[in-house]
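Construct the entire structure; sequences and hints are all you get.
Protein chains: 2
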Amino acid sequence: MRLPFDITDPVLAWAAWSRIAEPGDDRAGVVVRDLGPSTALDWLSGNAGRAGSLPPATRTMVERWAPRLDGLDIRRELEVLHRLGGHLLVPDAPGWPSAFADLGTAAPMALWVRSRERVTLDFPAGGSISIVGSRASTRYGETTAAEFALTLAEDGVAVVSGGAYGIDAAAHRGALAARGGAPTLALLAGGVDRLYPAGNEGLLHTIAQTGALVAESPPGSVPGRHRFLARNRLIAALTGGTLVVEAGARSGAISTANHAAALLRPVGAVPGPVTSAASAGCHWLIREGRAVCVTSAAEARELVSPVGDYLAPEPLVAPGLLDDLAPDQSRVLDAMPVRTSAEVESIARAAGLAPAEVRGALGLLELAGRVRRSGNRWGRVAS
Amino acid sequence: MRLPFDITDPVLAWAAWSRIAEPGDDRAGVVVRDLGPSTALDWLSGNAGRAGSLPPATRTMVERWAPRLDGLDIRRELEVLHRLGGHLLVPDAPGWPSAFADLGTAAPMALWVRSRERVTLDFPAGGSISIVGSRASTRYGETTAAEFALTLAEDGVAVVSGGAYGIDAAAHRGALAARGGAPTLALLAGGVDRLYPAGNEGLLHTIAQTGALVAESPPGSVPGRHRFLARNRLIAALTGGTLVVEAGARSGAISTANHAAALLRPVGAVPGPVTSAASAGCHWLIREGRAVCVTSAAEARELVSPVGDYLAPEPLVAPGLLDDLAPDQSRVLDAMPVRTSAEVESIARAAGLAPAEVRGALGLLELAGRVRRSGNRWGRVAS
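Protein chains in written order, with the numbering used here: chain A, 1 to 383; chain B, 1 to 383.
These are computed hints drawn from the structure, not numbers from a lab.
Please note that the accuracy of each hint is not assured.
Claimed, not checked - Stretch-level coverage of chain B by chain A, calculated; a stretch enters the list once three of its residues show a Cβ under 8 Å from a Cβ in chain A:
(1) 264 to 275
(2) 285 to 294
(3) 329 to 337
(4) 346 to 353
Even for Gly, the Cβ is constructed at its ideal location relative to N, Cα and C.
Have a look at this one:
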């Protein structure tokens with residue numbers, strides 16, 4: 001079978017393979033990467049009519065892929081893409097995300113990118129995060145996703161998500177609300193010409209203006225359920241780490257988190273009320289040690305940053321009145337009257353310490369500015 | 001100096017030491033456990049008047065403890081206790097909690113127990129839990145503490161807390177609301193004759209009826225701040241593990257959790273909204289790996305049970321439509337029309353698989369009851 005386009009052009013050949021093979025078909029990944037996309041396409045089209053005469057293993061592959069050669073002219077899909085202002089990325093060409101190397105033969109054959117700006121998909125270390133979660137989200141989860149995304153985007157961290165209802169949409173919206181900062185990217189399960197789901201059409205359109213819509217299948221592809229699962233591996237692989245904001249029992253966000261963990265990307269999860277079914281998946285991830293507990297945008301940034309590059313400020317666990325004192329000092333301070341003053345012997349008796357011990361502790365407390373002497377008597381310094 | 005009671009009676013001697021030494025005074029713990037309480041008391045009272053002539057180390061100890069011998073007649077405190085219907089426990093006597101062995105020389109000298117019922121303090125493995133948290137609690141935290149405590153008590157797990165406002169009170173109330181089940185115990189920082197804080201007087205009174213109020217200091221002791229910190233070590237040591245329900249920045253619950261961890265007791269923390277300051281301490285404990293994330297009474301019970309004795313049911317992370325299927329099967333099922341049926345070739349084309357692969361997958365899906373054949377066509381079985 002002869003194809004109507006120049007299969008020796010590797011860009012066209014990669015693009016064609018992204019239509020012939022289903023996302024994540026790693027047998028195709030092996031063949032295409034072994035032979036190169038043009039040679040593999042030449043081999044496939046040459047054998048398309050005579051699968052029956054091939055040895056069984058080869059025959060299965062030809063029977064799997066050949067039906068999609070019928071009527072294939074990938075220049076049409078590219079034209080659709082270009083009309084939408086998009087561009088194609090193919091493996092190892094400039095702009096191809098180096099992070100996808102970790103996917104091996106399951107890496108996409110091409111990326112169909114719809115964006116008005118030239119947005120990088122090859123993020124520097126610490127420069128990207130995937131924020132995912134349930135479609136069945138709560139107000140709490142949406143607010144949290146949006147606030148974290150806004151702060152992260154303003155800190156220059158690109159927010160990647162799946163363009164779905166609920167947490168995905170909230171994360172995109174938060175990132176879009178940032179002043180300046182990093183763009184937001186939506187990885188779609190269908191073609192970038194289909195703004196799916198319909199209720200997010202406006203949002204996805206806005207993302208295409210300042211960020212990017214990205215798909216591994218060409219325009220015209222239907223976002224089937226299997227493609228959503230395959231798409232999740234891309235969300236997990238593309239960024240420095242994945243944050244699950246809310247995830248119920250059946251949430252695809254858990255599958256994204258599992259992909260990220262398998263790719264040795266850090267996984268975080270945002271806790272919520274134990275009474276909220278929308279947080280059950282997050283709590284499960286944390287409890288099982290599959291995710292770090294993340295409670296702020298700063299902690300999310302720490303999650304995706306190279307170790308030591310960025311540390312979230314510790315929460316203000318301020319020391320209590322006695323927390324930072326040695327035991328004798330705390331007993332002495334505790335034994336002192338609140339408003340008046342007292343002599344060493346009386347403090348010693350109240351503290352259950354010897355007068356010499358009390359004098360030593362008072363000296364150190366005086367140096368720390370916690371007590372003050374006047375004559376024979378000692379009093380607290382109001383804190 | 002001669003004391004007005006029989007110091008050769010070990011019960012009186014231990015009781016006296018619980019008044020002479022401040023809680024957690026481990027120098028006293030060493031001396032009293034080395035010499036025995038009666039000999040130690042004899043030594044102290046014999047040297048009380050002549051501390052100046054002793055070598056420095058001994059002198060410090062005598063000066064520390066001797067002032068509290070003035071007017072000491074521990075029979076008076078015991079009389080107060082008995083009038084309240086209480087009883088005294090001394091180290092290693094029947095009923096003494098074996099768990100306190102882990103405290104070594106920091107173990108209490110005595111336990112002043114106020115309870116109408118004979119309530120055990122020597123819990124079997126998995127039979128007790130400490131539930132602690134902020135006084136500045138939220139409705140969410142209080143409800144959670146009460147519900148967990150109720151379920152745990154009905155499951156025979158004794159709930160121990162500190163009798164304070166907020167989470168402590170909610171835990172006690174929840175346990176009291178259980179039908180039958182295990183009693184609840186409040187470990188107090190002051191004497192068991194003082195129902196402190198005043199706003200919990202009614203609650204503490206009820207606990208004394210069906211559970212127990214317990215203190216290491218005798219009746220009349222003032223609940224000073226240092227004694228609260230010392231009391232926290234007892235809460236941590238007495239039970240199989242400690243659960244922090246809500247803890248803000250300065251919460252003493254963090255100190256209880258630290259004590260529990262130092263004693264190798266499991267520590268759990270209940271997550272909450274990241275927007276709630278009352279949950280910040282819990283999230284910090286979880287994030288730092290100091291506490292397990294606990295979201296239900298069953299998980300709390302698992303926390304304090306010996307490994308393998310009791311496992312909380314996994315949350316219902318129900319498989320999605322495709323989750324439990326092999327990749328080929330999920331692609332085939334996904335490629336099938338939702339309401340009508342299709343032939344193998346058409347399914348193969350949609351799935352991006354060879355017809356032979358589709359036939360194999362359909363066979364397995366049929367066995368699993370997910371698809372049905374009629375003639376040449378295959379359709380989904382509604383799930």
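Tested hints:
1. 264 to 275: holds (count 6)
2. 285 to 294: With 5 residues close enough to chain A, the hint holds.
3. 329 to 337: Coverage by chain A holds here, the residue count being 4 at a Cβ distance below 8 Å.
4. 346 to 353: holds (count 5)
Of the numbered hints stated above, none is contradicted by the structure.
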